[in-house]
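Chemist: Line order of the protein sequences matches chains W and F.
Numbers 1180 to 1430, taken from this note's numbering, label the letters of the first sequence in order.
Numbers 12 to 105, taken from this note's numbering, label the letters of the second sequence in order.
Since the hints were made in silico from the structure, they are not lab data.
Ideal placement from N, C-alpha and C gives every residue a C-beta, glycine not left out.
Hints are supplied without guarantee of correctness; some may be wrong.
As the list claims (entries may be wrong) - Chain W side only, calculated, beta carbon under 8 Å to chain F, not exhaustive:
{"id": "1", "residue": "ARG1277"}
{"id": "2", "residue": "GLU1284"}
{"id": "3", "residue": "ALA1311"}
{"id": "4", "residue": "ARG1322"}
{"id": "5", "residue": "TYR1337"}
{"id": "6", "residue": "PRO1362"}
{"id": "7", "residue": "VAL1371"}
{"id": "8", "residue": "PHE1372"}
{"id": "9", "residue": "SER1399"}
{"id": "10", "residue": "GLY1400"}
{"id": "11", "residue": "LEU1403"}
{"id": "12", "residue": "PHE1412"}
Said to hold, decoys possible - Each computed DSS-like pair below joins lysine-lysine, with the alpha-carbon atoms no more than 30 Å apart:
{"id": "13", "chain 1": "F", "residue 1": "LYS57", "chain 2": "W", "residue 2": "LYS1366"}
{"id": "14", "chain 1": "F", "residue 1": "LYS57", "chain 2": "F", "residue 2": "LYS86"}
{"id": "15", "chain 1": "W", "residue 1": "LYS1326", "chain 2": "W", "residue 2": "LYS1389"}
{"id": "16", "chain 1": "W", "residue 1": "LYS1389", "chain 2": "W", "residue 2": "LYS1329"}
{"id": "17", "chain 1": "F", "residue 1": "LYS91", "chain 2": "F", "residue 2": "LYS57"}
{"id": "18", "chain 1": "F", "residue 1": "LYS91", "chain 2": "W", "residue 2": "LYS1366"}
As the list claims (entries may be wrong) - Covered by chain F, according to a simulated footprint, are these stretches of chain W (three or more residues, beta-carbon under 8 Å):
{"id": "19", "stretch": "1215-1228"}
{"id": "20", "stretch": "1244-1254"}
{"id": "21", "stretch": "1351-1361"}
{"id": "22", "stretch": "1413-1419"}
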Amino acid sequence: MRPLPELTDDERCRYEWQLSVRDFGEEGQRRLKGASVLVSRIGGVGGSAAMQLAAAGVGRLVLAHGGNLRLDDLNRQLLMTTDWIGKPRVESAHRRLRELNPHVEIETAAENVSESNVAALVGRCDLVVAAAPLFAERLLMNREAVKQNKPLVDCAMYELEGRLTTVVPGQSACLTCLYPEPPANWKRQFPVFSAVSSTVGSLAAMEAIKLIAGIGQPLSGRLLTLDLGHMTFRTLSIARRSDCAVCGELG
Amino acid sequence: MNVRVGYSAQLRTSIGRAEEDVELEAGSTLAALIEYLAARLDDAGKGHLVTPEGQIRASLLIVVNEAVTAADAAKSTILKSGDVVLLLPPIAGG
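Using the sequences and the hints, build the whole thing.
Modeler: What follows is the structure, encoded as structure tokens:
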């Protein structure tokens, strides 16, 4: 286990209002500082998660997202700015997060998660936040996180709804337990307000903070569904599948 | 008997409502309910529930009275009057 880094006086001052959170304290803050989180895609959901994690003081963020910023990203991708249209999304995110919290080390990969980079990306972090708009990427992240025994927070939305779960490999249901077959009918373009995607991203960040700091009760073995149209929230128990192609052999 | 069925996400859009009461024959299975609902939909809507071969999609999240029920258990799950079934197609918006 790595020794926890000390906080500087500047950091104590920056985080003063969260150091008094029950069960968190300076040790929790040091755990955040010593941690690294991979965020797969930094769009409406992942970008908001990254922003919350940077504000909270996670020591190192690895951001993976390919492509250049487009005008129609800007209704929800809060790490992007209008002057950055046509330039790489990860560069805008890097700049915005550094402005928010210069204590956070930001690493970027201007590419989406794929078979060729997933092992290296997951290998660079302690925890994964999966927020890609394609199941192929999410399931790939899930497979690799389980393989490397790293927790994964899966956070997704559609229109006014959101869903979250946390995968603790070998202990709780993984994404392939939930979706034994790759969903065939999901379409890449989905209706979205930033108020919904950023809510889901913030909830995912809270899951990551809880897991790293060892506070609260994470969503492992549970699926949170939220419907902001009706303001209904449900927490459903989800079980591991013994025949799961990804985690079934972990016993 | 009547069961209450709630729809989520793309399925809610296809069906055009968030929930409804559905009348079924006593002793109907969960699979029978889903097949009945699929038969009312066009191909796009149907595709959220069943495969082109008519099998219930393994990726469809099915919740019966707040308990997640695997698609492969739908044929052996007998519904009773007053049950609440939620159908949640997979979503990945990020």
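Chemist: Determine for every hint whether it applies to the structure shown.
Modeler: Hints, verified against the model:
no., hint, in the structure
1, ARG1277, "violated, 23 Å"
2, GLU1284, "violated, 23 Å"
3, ALA1311, "holds, 5 Å"
4, ARG1322, "violated, 15 Å"
5, TYR1337, "holds, 4 Å"
6, PRO1362, "holds, 4 Å"
7, VAL1371, "holds, 6 Å"
8, PHE1372, "violated, 11 Å"
9, SER1399, "violated, 15 Å"
10, GLY1400, "violated, 11 Å"
11, LEU1403, "violated, 12 Å"
12, PHE1412, "violated, 13 Å"
13, F:LYS57 - W:LYS1366, "holds, 15 Å"
14, F:LYS57 - F:LYS86, "holds, 18 Å"
15, W:LYS1326 - W:LYS1389, "holds, 22 Å"
16, W:LYS1389 - W:LYS1329, "holds, 14 Å"
17, F:LYS91 - F:LYS57, "holds, 24 Å"
18, F:LYS91 - W:LYS1366, "violated, 34 Å"
19, 1215-1228, "holds (count 5)"
20, 1244-1254, "violated (count 0)"
21, 1351-1361, "holds (count 5)"
22, 1413-1419, "holds (count 5)"
The structure fails to meet hints 1, 2, 4, 8, 9, 10, 11, 12, 18, 20 from the earlier list, while all remaining hints are met.
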